[in-house]
Amino acid sequence: MNAQSPSHQPLTAASGIRPDPYRSAAPAQLACREAAVRIVGLTKTYMNPWTLKRTCGLDALDLEVHRGEVFGYLGPNGAGKTTTMKILAGLLKRTSGRAYLLGTSIDDVRSRTSLGFLPEQPYFYDSLTGLEYLEFVARLSGMQAQPASRAARHWLGKVGLGQRERLVLRKYSKGMLQRLGLAAAMVHEPELLILDEPMSGLDPFGRRDVRDLILEQREQGTTVLFSSHILPDVEALCDRVAILLGGRLERVATVGELVEGAAPTIEVSVAGFPLVEVPGAFAGTLRRREAGGTSAFIVEDPARLQEVLGWLLSHGVTVTSVTPQRPSLEQLFLAAAESSAFQAQGVRRQG
Amino acid sequence: MNALLIAQNTFREVVRDRVLAGIVIGGIVLLAFTKVAAPLAMGEDLRLTVDLGLSSISWLGLLVILTVGAALVNKEIERRTIFNLLSRPLPRPLYLVGKWLGLTAALAAVAALLGGALGLLLAVTGHASYAMAITQAVYLAGLELAVITSLAVMFSALSTPVLSALYTLGFFLAGQWCDDLRQVATRLPSGSREAVETIANLLPNLSLFNMRALASGGDPTSALHLLLATGYAALYCGCVLALAAAAFESRDFR
Numbered sequence: 001m002n003a004q005s006p007s008h009q010p011l012t013a014a015s016g017i018r019p020d021p022y023r024s025a026a027p028a029q030l031a032c033r034e035a036a037v038r039i040v041g042l043t044k045t046y047m048n049p050w051t052l053k054r055t056c057g058l059d060a061l062d063l064e065v066h067r068g069e070v071f072g073y074l075g076p077n078g079a080g081k082t083t084t085m086k087i088l089a090g091l092l093k094r095t096s097g098r099a100y101l102l103g104t105s106i107d108d109v110r111s112r113t114s115l116g117f118l119p120e121q122p123y124f125y126d127s128l129t130g131l132e133y134l135e136f137v138a139r140l141s142g143m144q145a146q147p148a149s150r151a152a153r154h155w156l157g158k159v160g161l162g163q164r165e166r167l168v169l170r171k172y173s174k175g176m177l178q179r180l181g182l183a184a185a186m187v188h189e190p191e192l193l194i195l196d197e198p199m200s201g202l203d204p205f206g207r208r209d210v211r212d213l214i215l216e217q218r219e220q221g222t223t224v225l226f227s228s229h230i231l232p233d234v235e236a237l238c239d240r241v242a243i244l245l246g247g248r249l250e251r252v253a254t255v256g257e258l259v260e261g262a263a264p265t266i267e268v269s270v271a272g273f274p275l276v277e278v279p280g281a282f283a284g285t286l287r288r289r290e291a292g293g294t295s296a297f298i299v300e301d302p303a304r305l306q307e308v309l310g311w312l313l314s315h316g317v318t319v320t321s322v323t324p325q326r327p328s329l330e331q332l333f334l335a336a337a338e339s340s341a342f343q344a345q346g347v348r349r350q351g
Numbered sequence: 001m002n003a004l005l006i007a008q009n010t011f012r013e014v015v016r017d018r019v020l021a022g023i024v025i026g027g028i029v030l031l032a033f034t035k036v037a038a039p040l041a042m043g044e045d046l047r048l049t050v051d052l053g054l055s056s057i058s059w060l061g062l063l064v065i066l067t068v069g070a071a072l073v074n075k076e077i078e079r080r081t082i083f084n085l086l087s088r089p090l091p092r093p094l095y096l097v098g099k100w101l102g103l104t105a106a107l108a109a110v111a112a113l114l115g116g117a118l119g120l121l122l123a124v125t126g127h128a129s130y131a132m133a134i135t136q137a138v139y140l141a142g143l144e145l146a147v148i149t150s151l152a153v154m155f156s157a158l159s160t161p162v163l164s165a166l167y168t169l170g171f172f173l174a175g176q177w178c179d180d181l182r183q184v185a186t187r188l189p190s191g192s193r194e195a196v197e198t199i200a201n202l203l204p205n206l207s208l209f210n211m212r213a214l215a216s217g218g219d220p221t222s223a224l225h226l227l228l229a230t231g232y233a234a235l236y237c238g239c240v241l242a243l244a245a246a247a248f249e250s251r252d253f254r
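So the protein sequences, as listed, match chains A and B.
Numbering-wise, the numbering used here puts 339 at position 339 of the first sequence, and it's gapless, one number per residue.
Numbering-wise, the numbering used here puts 238 at position 238 of the second sequence, and it's gapless, one number per residue.
Calculated from the structure, these hints are not laboratory results.
The structure presented is a predicted model; accordingly, all values stated were derived computationally and were not measured.
Keep in mind that the hints are not guaranteed to be accurate.
[What the hints assert, rightly or not] Computed, partial: chain A to chain B, Cβ under 7 Å: (1) L92; (2) S96; (3) R112; (4) Y125.
From the three backbone atoms N, C-alpha and C, an ideal C-beta is built for every residue, glycine too.
Given only the sequences and the hints, what does the whole structure look like? Please build it.
Structure (structure tokens):
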């Protein structure tokens with residue numbers, strides 16, 4: 001979203017258009033209720049009509065997203081994130097398996113009554129104005145004309161497009177269209193939001209606004225399932241994350257569990273650039289890092305910290321700090337992706 | 001209800017399209033041209049005006065269908081605007097019905113506009129008695145366009161805009177000669193005859209909607225003809241849209 005835009009406004013409090021008994025409850029309590037999204041053995045294969053070759057987009061996925069939680073859906077390109085989201089939104093037909101939104105099977109069109117969906121790079125009708133478009137989609141989601149009009153104006157203002165409600169969409173910038181897409185997903189106050197790359201194409205201000213909006217939705221008890229390549233945002237927002245690789249679910253855990261479960265490292269910062277070489281006895285335990293005019297040693301095995309410190313001091317090196325390091329979600333994600341690729345390579349070799 | 005919302009949106013989209021405005025202006029210019037060309041008609045200028053005026057509704061309507069209707073659904077799929085619609089509680093068949101209804105309403109508006117211009121021209125030149133025949137002929141032309149639109153929507157939901165336009169044009173032309181095809185069938189040996197008759201029955205019988213010859217003389221048609229044509233158009237459109245919906249239901253939007 002474009003902060004330089006004169007229409008830019010920070011996102012503010014919720015509208016409370018749809019009264020919902022779940023909304024007053026705290027997110028922790030909501031998590032105990034029935035799953036907002038339940039996926040059982042969901043599989044999608046695509047067939048090339050010319051070569052009849054089948055490719056697997058999603059392989060027997062089992063997943064539950066609890067009510068009221070913000071759930072991050074991670075994976076590299078082609079992992080099956082968009083495929084899952086499109087099946088849930090009714091845009092793709094599954095090959096096998098089942099899925100339920102708020103307890104209703106996705107085969108039933110009513111499962112999408114309380115769903116707000118933002119596709120990756122949303123597209124709109126050029127000749128409509130922002131207001132007309134939001135009124136139209138709000139009514140498609142079951143709102144009456146008057147409330148739809150009120151909600152459309154409210155959400156245009158909320159995403160910073162209040163001054164542009166009569167502007168035709170062909171004149172909107174990319175950031176403005178992304179804001180409109182978010183407003184379209186939320187205009188009918190859904191209980192479940194599925195957002196495919198909501199931060200895509202946004203500047204830092206726009207990303208901040210989307211983060212605020214997602215947090216605000218969580219405060220109201222809305223379940224949010226979103227995919228993103230911007231892992232720091234996922235780390236900051238999500239209660240739990242799922243890592244998907246090659247159409248298969250690798251792991252589901254809270255961000256805390258993922259990070260806690262990973263092996264920690266310790267960074268030993270030293271003064272200057274000491275002329276010492278890491279001895280063979282520390283192979284695989286200690287590595288040296290020099291960047292940004294500083295020098296540090298990374299201890300991969302914390303149990304050997306004392307040994308490392310003793311070795312450094314015995315060589316006259318001045319230790320300036322010893323800092324335990326927690327791997328970021330990004331590092332964990334990359335490690336999982338590499339491990340999966342390694343395993344797949346092993347399976348191919350065995351085959 | 002949702003079909004009406006899609007129809008309303010489609011109508012709005014089509015009406016705001018410059019192609020439609022250009023075609024309506026072209027139709028009115030064509031009508032004015034008939035008055036200029038009157039001396040060449042050797043006393044048949046009234047017949048020429050009515051015939052050309054009514055023909056322009058069919059042909060210009062067809063042009064709208066081929067340029068706008070043939071890409072109606074496909075364009076939404078390619079431009080991904082359909083994602084924001086089908087991810088809502090909107091059954092896919094109702095989406096197609098809405099698209100058809102919206103374009104049909106826009107074409108009805110074009111037919112009414114061009115028919116009104118023709119009626120006004122005739123009234124000004126002292127032929128107000130043609131009003132009933134012209135109204136009926138415009139109504140039937142509207143039904144004909146509704147039938148062709150249903151075919152365009154079906155092809156558009158399943159094919160590319162170019163192929164969809166070609167298929168629609170093919171059905172339009174073949175539909176004009178439906179009765180001739182049945183005549184040919186009677187002279188064919190058994191086997192071939194049934195096959196040709198089946199094809200003729202599957203094609204839209206567009207001659208049912210053509211009363212230009214009657215209207216050129218200012219003669220209205222019977223209520224039974226209007227009723228039959230209305231029933232036939234409703235049945236044909238219903239069957240085509242049901243077929244389209246069945247095929248559209250299993251489509252993936254990647």
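Results for each hint:
Hint status for A:L92: holds, given a least beta-carbon distance of 5 Å to chain B, under 7 Å. For A:S96, the interface hint is violated, the least distance from its beta-carbon to any beta-carbon of chain B being 14 Å, above 7 Å. With its C-beta approaching chain B no nearer than about 5 Å, A:R112 sits inside the 7 Å limit, and its interface hint holds. Interface restraint check: A:Y125 against chain B, minimum CB-CB distance 6 Å, threshold 7 Å, status holds.
This entry does not satisfy hint 2, going by the numbered hints stated previously; all others are met.
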